[in-house]
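All chains should be built: construct the whole structure from the sequences, respecting the hints.
Just so you know, the protein sequences line up as chains X and F, in that order.
Just so we're aligned, residue 3 is where the first sequence starts under this note's numbering, counting upward by one.
Just so we're aligned, residue 270 is where the second sequence starts under this note's numbering, counting upward by one.
If you are wondering where the hints come from, they were derived from the structure by calculation, not from laboratory data.
Treat the numbers as computed from the prediction; the structure is a model and nothing was measured.
Take these hints with a grain of salt, some might be off.
Unchecked claim - In silico contact screen, one side only, chain F against chain X (beta carbon under 10 Å); selected entries: (1) G319; (2) V416; (3) A418; (4) F421; (5) L448; (6) S449; (7) P450; (8) L455; (9) Q462; (10) N467.
Here a beta-carbon is modelled for each residue, glycine too, at the ideal position from N, C-alpha and C.
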Amino acid sequence: MNKPFENSTICEDSQLLLQKAARDQIETVWERHQAQQPQCGFCEMGLSCRNCVMGPCRVDPFGEGPQKGVCGADADIIVARNLGRMIAAGAASHSDHGRDLVDVLGEVGSGNGSGYQIRDPEKLKRVAAEYGVATDGKDDFQIAAGLADAMKEDYGCKQKSITLISRAPAKRQELWNNLGVTPRGIDRETSEMMHRTHMGVDNDWQSLLLHGVRNALSDGWGGSMIATEVSDILFGTPTPRATRFNVGVLAKDQVNIIVHGHNPVVSEMVLHAAQSEEMLKLAESKGAKGINLAGVCCTGNELLMRHGVAMAGNHLSTELVLSTGAVEMMLVDYQCIMPSLATVASCYHTKMISTSDKARFPGMEHQEFHPENAAETAMTVVRQAVENFANRGEAFIPVDSVDALGGFSVESIVNALGGSPDPLIDAIKAGKIRGAVGIVGCNNPKIKQDHGHVSLAQRLIENDILVVDTGCAAVANAKAGFKMTDAAELAGPGLQEICGALGVPPVLHMGSCVDNVRILVLASALANALNVDISDLPIAGAAPEWYSEKAATIGVYFVASGVFTVLGPMPPITGSLNIVNLLTEGLNDVVGATFAVEPDPEKAAILIRRHIESKRKALGLPAEDV
Amino acid sequence: MKKVIVHPERCVGCMQCMLACAAAHSKTKSLFLAVSEKPQPKPRVHVGVGLYEEGFPNRCRHCNPAPCQLACLPGAIFRDNEIDTVLIDPDKCINCASCAMACPFGVIRYHEDAVAPPGKTVAVKCDNCYERRQQKRIPACVEACMVAALTFETEAAAMKRKTDEISRSVSTGAETAALSPGFELLNTLKKVQIEMRNP
Numbered sequence: 003m004n005k006p007f008e009n010s011t012i013c014e015d016s017q018l019l020l021q022k023a024a025r026d027q028i029e030t031v032w033e034r035h036q037a038q039q040p041q042c043g044f045c046e047m048g049l050s051c052r053n054c055v056m057g058p059c060r061v062d063p064f065g066e067g068p069q070k071g072v073c074g075a076d077a078d079i080i081v082a083r084n085l086g087r088m089i090a091a092g093a094a095s096h097s098d099h100g101r102d103l104v105d106v107l108g109e110v111g112s113g114n115g116s117g118y119q120i121r122d123p124e125k126l127k128r129v130a131a132e133y134g135v136a137t138d139g140k141d142d143f144q145i146a147a148g149l150a151d152a153m154k155e156d157y158g159c160k161q162k163s164i165t166l167i168s169r170a171p172a173k174r175q176e177l178w179n180n181l182g183v184t185p186r187g188i189d190r191e192t193s194e195m196m197h198r199t200h201m202g203v204d205n206d207w208q209s210l211l212l213h214g215v216r217n218a219l220s221d222g223w224g225g226s227m228i229a230t231e232v233s234d235i236l237f238g239t240p241t242p243r244a245t246r247f248n249v250g251v252l253a254k255d256q257v258n259i260i261v262h263g264h265n266p267v268v269s270e271m272v273l274h275a276a277q278s279e280e281m282l283k284l285a286e287s288k289g290a291k292g293i294n295l296a297g298v299c300c301t302g303n304e305l306l307m308r309h310g311v312a313m314a315g316n317h318l319s320t321e322l323v324l325s326t327g328a329v330e331m332m333l334v335d336y337q338c339i340m341p342s343l344a345t346v347a348s349c350y351h352t353k354m355i356s357t358s359d360k361a362r363f364p365g366m367e368h369q370e371f372h373p374e375n376a377a378e379t380a381m382t383v384v385r386q387a388v389e390n391f392a393n394r395g396e397a398f399i400p401v402d403s404v405d406a407l408g409g410f411s412v413e414s415i416v417n418a419l420g421g422s423p424d425p426l427i428d429a430i431k432a433g434k435i436r437g438a439v440g441i442v443g444c445n446n447p448k449i450k451q452d453h454g455h456v457s458l459a460q461r462l463i464e465n466d467i468l469v470v471d472t473g474c475a476a477v478a479n480a481k482a483g484f485k486m487t488d489a490a491e492l493a494g495p496g497l498q499e500i501c502g503a504l505g506v507p508p509v510l511h512m513g514s515c516v517d518n519v520r521i522l523v524l525a526s527a528l529a530n531a532l533n534v535d536i537s538d539l540p541i542a543g544a545a546p547e548w549y550s551e552k553a554a555t556i557g558v559y560f561v562a563s564g565v566f567t568v569l570g571p572m573p574p575i576t577g578s579l580n581i582v583n584l585l586t587e588g589l590n591d592v593v594g595a596t597f598a599v600e601p602d603p604e605k606a607a608i609l610i611r612r613h614i615e616s617k618r619k620a621l622g623l624p625a626e627d628v
Numbered sequence: 270m271k272k273v274i275v276h277p278e279r280c281v282g283c284m285q286c287m288l289a290c291a292a293a294h295s296k297t298k299s300l301f302l303a304v305s306e307k308p309q310p311k312p313r314v315h316v317g318v319g320l321y322e323e324g325f326p327n328r329c330r331h332c333n334p335a336p337c338q339l340a341c342l343p344g345a346i347f348r349d350n351e352i353d354t355v356l357i358d359p360d361k362c363i364n365c366a367s368c369a370m371a372c373p374f375g376v377i378r379y380h381e382d383a384v385a386p387p388g389k390t391v392a393v394k395c396d397n398c399y400e401r402r403q404q405k406r407i408p409a410c411v412e413a414c415m416v417a418a419l420t421f422e423t424e425a426a427a428m429k430r431k432t433d434e435i436s437r438s439v440s441t442g443a444e445t446a447a448l449s450p451g452f453e454l455l456n457t458l459k460k461v462q463i464e465m466r467n468p
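Written out as structure tokens, the structure is:
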């Protein structure tokens, strides 16, 4: 007999909370997914076009009904249009997040960023140098103002190429130039994608997809990279630190505040307020033993990386965390926040607060955070949370948390290696580590929660492949115990030896989903050290449970940067086998890497191992048959 | 005589047939206006979900003899031989649900309807678009189906097509081509995901 909800999730906390949610008559994402079945096949195949009002149109995949939209677009064009707009939406999301950070950097530079500081002045100077911003004789604030201005140019249309593309290996930059996909401006490429996919503009599916590549690169080497770098400058570059995972991080006897969303601009201030003497005293006066701030989703990952803040769960857990009845307040900013959350919260005492001027949710109280009022607003909301502690009913926190080590920026990895990537390269050359894989992306109710991430990570580390992860994948692997200091025992002998020597787990938490760029930077450093291109390295990417447009864009910039990437769920492209073939085979001749689609993580692990060994062989390193 | 024939292997689950059916049985016959009508029109064809999350347009088979007709005590259910269709007279219907209990396909619903006396809940099911047929139009679900999962043709034509399809597939040396390779690829991957959830 299966345990209840064993088919929905591999996580014990989620299974137990799904039972509780059922008792409390709470509708969850799994039930809504079931209610949506069957999902529209035209949309699943990318064969419906809603871009104009001569339509909407759809193409019959069986060939009997219409084969063209009203405008004459065939299946290839319609699928390419839809994929292009998906990439544009993903790039826009990350890059707009990045812009919000640049705005804060600019405000700090001009002295208006109440409460925000430059926590990593060294990184500020390093990045300023990359942007050609003068640092001599200037104080941090002046440099910050200059850097913010320079970064804003990256968003515009004055430049031939965005600045941080220069971090890629020279061979890769040349390949992009020859293909004509070097991004010129972050907003420009997204805007141009919307233009090209308007009726009557770009109707060559290959040229549309090439622009998709350029648009995705404008995110990976532009908007997202700026988001990560400015977050490090403002809030500190992550260093390894102990933390805890799963819903057991909620405290029975403390005020529990959950931050949800993506941008550390809000969560950092809330953390600061939650640690203030004034609020801690207030909490004590209300009978609480403290204020426990924890995260879900990527803003939690941001705090985890820099402060060791614990993570209560990933995407599919966000409703369940509320159903504990133990959360005094959930604060949200933007991205991946289900509009259902306030309905769940309304069954308990939990207060729901939205904080961004661009993201509102039904049933939430709106308290907008801006650089000039952030510190003050954070104190106001934390006070409300503390005062809400008295209203807590019966709480259900069904499991104990899992320990983990997080906080692996490129800087801290190089540090752990003793100041240079050489020991890692030596271990790869010797075959103790066969290669490295980035497991990234979301949860999706189409895949049993965390099954894709955890099974894949387990198979890879068993086979001496180092795993780095971000986002909801990182939370999944931590919940599974792969980031405990003694998790090296789960790895193959070679990886175990290296992890033991360095005192790191076999799965390294590299941050939030914008922090996927840390993986790009690390891959570039390895490629440069070996004097090869990224596509020559024994590395791969995987998004076993992806759901979002952002993840689609990440996948494209990984592949376009030369990283073979395995997706779990199929993107909406099967309406065009031309496009399926291009993405899974043809791209190899264009960018030296392809996508593969394999929902079964056991098979995905084999695909990845085979790829890694083939790259080892091509580099002249000892290789195995898989 | 032409009738609606269902080809389940072609259904992509878009539910366009349900929308078209509801609109065809509304007062205004316009989807945009129909959504604000009272009573709200409802579809007579119902897209269900199979084991592998595939769609299936479930509609009345217009059985002969029809179990619903045999079970109907007030005699509200009758057969129109001209279009070979089992119909329900909403004036005679007493909303007793006997027909639904007798129906092996679960296609009978109970609600208010544009053609029923105002405020009266009656048994409602597919009428093969009786009204449209009077206007020499084909049933709305067939018209809406872009993938030919619902066709309107004579039984003989449909049978011949299927027979030829089967015959071609057993021709010596014949390669069996997928109906739609892309749809097959998608469904194969979806099946993997579903089986991982329900081992």
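Hints, verified against the model:
At its closest, the beta carbon of F:G319 sits 8 Å from a beta carbon of chain X; the interface hint therefore holds under the 10 Å criterion. A least Cβ separation of about 5 Å between F:V416 and chain X falls short of the 10 Å threshold, and the interface hint therefore holds. Look at F:A418: its Cβ gets to within about 9 Å of chain X, closer than 10 Å, so that hint holds up. Restraint check, F:F421 versus chain X: the minimum CB separation of about 13 Å is more than 10 Å; hint violated.
Annotation: interface hint on F:L448 holds; nearest CB of chain X at approximately 5 Å, less than 10 Å. Hint status for F:S449 relative to chain X: holds, with the closest Cβ pair at about 4 Å, below 10 Å. Because the closest C-beta pair between F:P450 and chain X is about 6 Å apart, less than 10 Å, the hint holds. With 10 Å as the threshold, the beta carbon of F:L455 comes within range of chain X, its nearest partner Cβ sitting at about 4 Å, so the hint holds.
At a threshold of 10 Å, the smallest CB-CB gap from F:Q462 to chain X is about 5 Å, leaving the interface hint in force. Taken as an interface hint, F:N467 checks out: its beta carbon lies about 5 Å from the nearest beta carbon of chain X, inside 10 Å.
Violation of the numbered hints given earlier is confined to hint 4; every other hint is satisfied by the structure.
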